[in-house]
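**Student:** With the first letter of the sequence shown counted as 1, position 169 gets the number 169 in UniProt numbering; the numbers rise by one all the way through.
Bear in mind the hints are in silico, worked out from the structure with no lab data behind them.
Here are the simulated distance ranges between beta carbons:
#1 Ile161 <-> Arg103: 35 to 43 Å
#2 Ala47 <-> Asn169: 13 to 21 Å
#3 Arg72 <-> His145: 16 to 24 Å
#4 Asp82 <-> Ala152: 27 to 35 Å
#5 Val26 <-> Arg109: 46 to 54 Å
#6 Val36 <-> Ala118: 39 to 47 Å
#7 Glu102 <-> Val26: 42 to 50 Å
#8 Pro74 <-> Gln170: 20 to 28 Å
#9 Thr73 <-> Glu28: 43 to 51 Å
Positions of the beta carbon are idealized from the N, C-alpha and C atoms, including for glycine.
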Amino acid sequence: MEIYLLLQILQAQILPTSDFWHSGEVNEQLLNDEDVTLFGLFVEAYACIKPLVNRDIGIPDTWFEVLLRLGRTPGHRMRMTDLADAVSFSSGGFTRLADRIEREGLIRREPDPRDRRAALAVLTEQGGEALNKALTAHVSHLRSHVTSVLSAEDRCHFARILRTLRDANQ
Numbered sequence: 001m002e003i004y005l006l007l008q009i010l011q012a013q014i015l016p017t018s019d020f021w022h023s024g025e026v027n028e029q030l031l032n033d034e035d036v037t038l039f040g041l042f043v044e045a046y047a048c049i050k051p052l053v054n055r056d057i058g059i060p061d062t063w064f065e066v067l068l069r070l071g072r073t074p075g076h077r078m079r080m081t082d083l084a085d086a087v088s089f090s091s092g093g094f095t096r097l098a099d100r101i102e103r104e105g106l107i108r109r110e111p112d113p114r115d116r117r118a119a120l121a122v123l124t125e126q127g128g129e130a131l132n133k134a135l136t137a138h139v140s141h142l143r144s145h146v147t148s149v150l151s152a153e154d155r156c157h158f159a160r161i162l163r164t165l166r167d168a169n170q
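Make the full structure from the sequences, and use the hints.
**Tutor:** Following this line, the structure appears as structure tokens:
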């Protein structure tokens, strides 16, 4: 989902609108554009790494992301709308996802005491246990496939670059 949104943003910024696109010819200059290549490398790396780091986590990766966000939040609770935004889901799509996670006992919904129209998603004890188990595998795979192949300096640069991209496109 995150890659799709980033791709849409980049397409809007680098693809010109002209009659060229209707001629059927391939624009070699754009095919070899360094921005297209850079983004392609990002997409390829992400596609290779994501299944490796999410292997053996014991829950679907979308569930993991929800539990991770809740685990990192004070009180392990978030407004449903904020959580949907944080994991890049539409309101309806997130409601269906939350329904499945709640049926498994990993989260529960509570009314928001500050806004009676809103609901909170709350990490349950069982959800915390599932998150801890998933994190153990996830961190091990992150270290094997991501951080171990980068120097400390590269990791700092990479984090700075990713934060810049995220912040510029939110």
